[in-house]
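Next come the chains, spelled out residue by residue.
2 protein chains.
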Amino acid sequence: MIWFTEYQTPNTGLTVKVKEAKTVKSKYQEILILDTYEYGKMLVLDGAVQTTERDEFIYHEMLAHPALIKHPNPERVLVIGGGDGGTIREVLKHPSVKEAHLCEIDEEVIKISKEYLPTISCELNNPKVQVFVEDGNKFLDERKSYYDVILLDLSDPVGPAEALFKREFYTKVKNALRENGIMAAQTESPFLQELYFKTAVNEIKQVFKYFGTYLAFIPTYPAGMWSFTLASDDVDILKYEESEFDKIKDLKTKYFCDKIYTSLFSIPKFVSDLIK
Amino acid sequence: MIWFTEYQTPNTGLTVKVKEAKTVKSKYQEILILDTYEYGKMLVLDGAVQTTERDEFIYHEMLAHPALIKHPNPERVLVIGGGDGGTIREVLKHPSVKEAHLCEIDEEVIKISKEYLPTISCELNNPKVQVFVEDGNKFLDERKSYYDVILLDLSDPVGPAEALFKREFYTKVKNALRENGIMAAQTESPFLQELYFKTAVNEIKQVFKYFGTYLAFIPTYPAGMWSFTLASDDVDILKYEESEFDKIKDLKTKYFCDKIYTSLFSIPKFVSDLIK
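Chains A and B are the protein sequences, given in the same order.
Heads up: the first sequence begins at -11 in our numbering, then just goes up one per residue.
Heads up: the second sequence begins at -11 in our numbering, then just goes up one per residue.
Honestly, the hints are just simulated from the structure, not real lab data.
One or more hints might be untrue.
It does not matter which identical chain is used: a pair holds within one copy or between any two.
Capping the alpha-carbon separation at 20 Å, the derived lysine to any residue pairs in SDA-like fashion look like this [stated by the list, open to error]:
{"no.": "1", "residue 1": "5", "residue 2": "-5"}
{"no.": "2", "residue 1": "5", "residue 2": "-9"}
{"no.": "3", "residue 1": "247", "residue 2": "261"}
{"no.": "4", "residue 1": "240", "residue 2": "257"}
{"no.": "5", "residue 1": "227", "residue 2": "251"}
{"no.": "6", "residue 1": "257", "residue 2": "246"}
{"no.": "7", "residue 1": "257", "residue 2": "238"}
{"no.": "8", "residue 1": "247", "residue 2": "226"}
{"no.": "9", "residue 1": "186", "residue 2": "242"}
{"no.": "10", "residue 1": "81", "residue 2": "112"}
{"no.": "11", "residue 1": "242", "residue 2": "264"}
{"no.": "12", "residue 1": "242", "residue 2": "261"}
{"no.": "13", "residue 1": "86", "residue 2": "238"}
{"no.": "14", "residue 1": "81", "residue 2": "257"}
{"no.": "15", "residue 1": "154", "residue 2": "198"}
{"no.": "16", "residue 1": "86", "residue 2": "60"}
{"no.": "17", "residue 1": "227", "residue 2": "250"}
{"no.": "18", "residue 1": "247", "residue 2": "258"}
{"no.": "19", "residue 1": "227", "residue 2": "254"}
Kindly generate the complete structure, drawing on both the sequences and the hints.
Rendered as structure tokens:
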């Protein structure tokens, strides 16, 4: 019997029973595809669970939809990271989107996701999608005032994604947005990764005029408590417009809904206190 | 090096590194007190984590405060289960409370909590508190129209607490409430314990006129996604009064706050769908 444990900190972890396991060493990281009894297929990068068939809908919906609903008319969207394709799949649920770019540094992640995670990667061949196998940091050097929405779908700030949680990088993201542009970033767990969380949100606050942090329940992520942060220089993130709710009605989702959107920024006291 | 894993289902679990462990066999269950590196002291009953020093504030605040805020003037409160004393501690933060009764079946849980979990059990000797070592089911047979708020702080519906998740028991709870009485119950995880969750909420719906289900992030509970249900025959649970928010201002809490209260019933779509 095979068991896999992700040590979310040196002192606690998530343990899952495994049917089958496959490991690939890429140029950047160790990629593990597990077939688990509880969560279906699970993608693990350098020992950290990235996505599972059973709970991926929560992360991908909650990273993509708040930003795309908040933007009045998102046509050009960029996802940095997210080689599994789940975020792109959610982006394409918005009919206004004309171009969805994916910038993933590790080609192997894309290949493996296409082979083992078809329900997640299913839209990567959509004609609206263009995939760039590039370093997000370099990619943004060549894009100025282009995107309406940029989604940072990154692994933890250790390893390949480390530089992408810094002020310099968020400034590049800001410069790559055109008027009314909005960024959404996964900003780690406020419970088991307090320092990662605080640092990411504080760096974002230094760069953008408006911001708002929200949470979602993600069973296979540290503490099951995950954070995301929306930011913009033009759009007041915390203000709601009636028209945003019309767009939600037509979205096919399992977690995100009008109630979740209305109460997005209603977060527990200790989480607000961390980012005051 | 000692590690402990709670198998939240046969196929997944929470793993923690342990400094010290002590086991006591009571008349009802196996009681384990672990001193863990990540979560501090941890109370485990029949293999299931009940509370930890680090994250207990979330469960106890979220079980107690919504009901006590919703009730216009809670004077008499009963906690069934909850031998660790954490819920009683939160109840006593409400100045209107004159009598707080605790009905716990297993005296050993109370003893061990007093010895090993002083920050949780700290109010059990408060003069407003009366402790009854009794079966909750029998206890309620003798109490009619007495309490303003009853809090069901129960372990999973297997073992000692099984009968306390059934319609017959919820009916006894209803009969033990006086006018404007409110019940709050922990109703399991909608993610890894879908059937427990659905069953508990559906039984409650059969018994009470008004109800409302809400969630909280509890890192050491299954999936980190936990549910609670408020119910009443007289108080419209989903309706808010201005005066409720005045009471929140004076509460000293770490998780619960006015924002959490306002958006209490804004739950993910798949969770609402389970209890439609």
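Exercise for the section: Check each numbered hint from earlier against the structure, then list the numbers of those it violates in ascending order. Expected result: none
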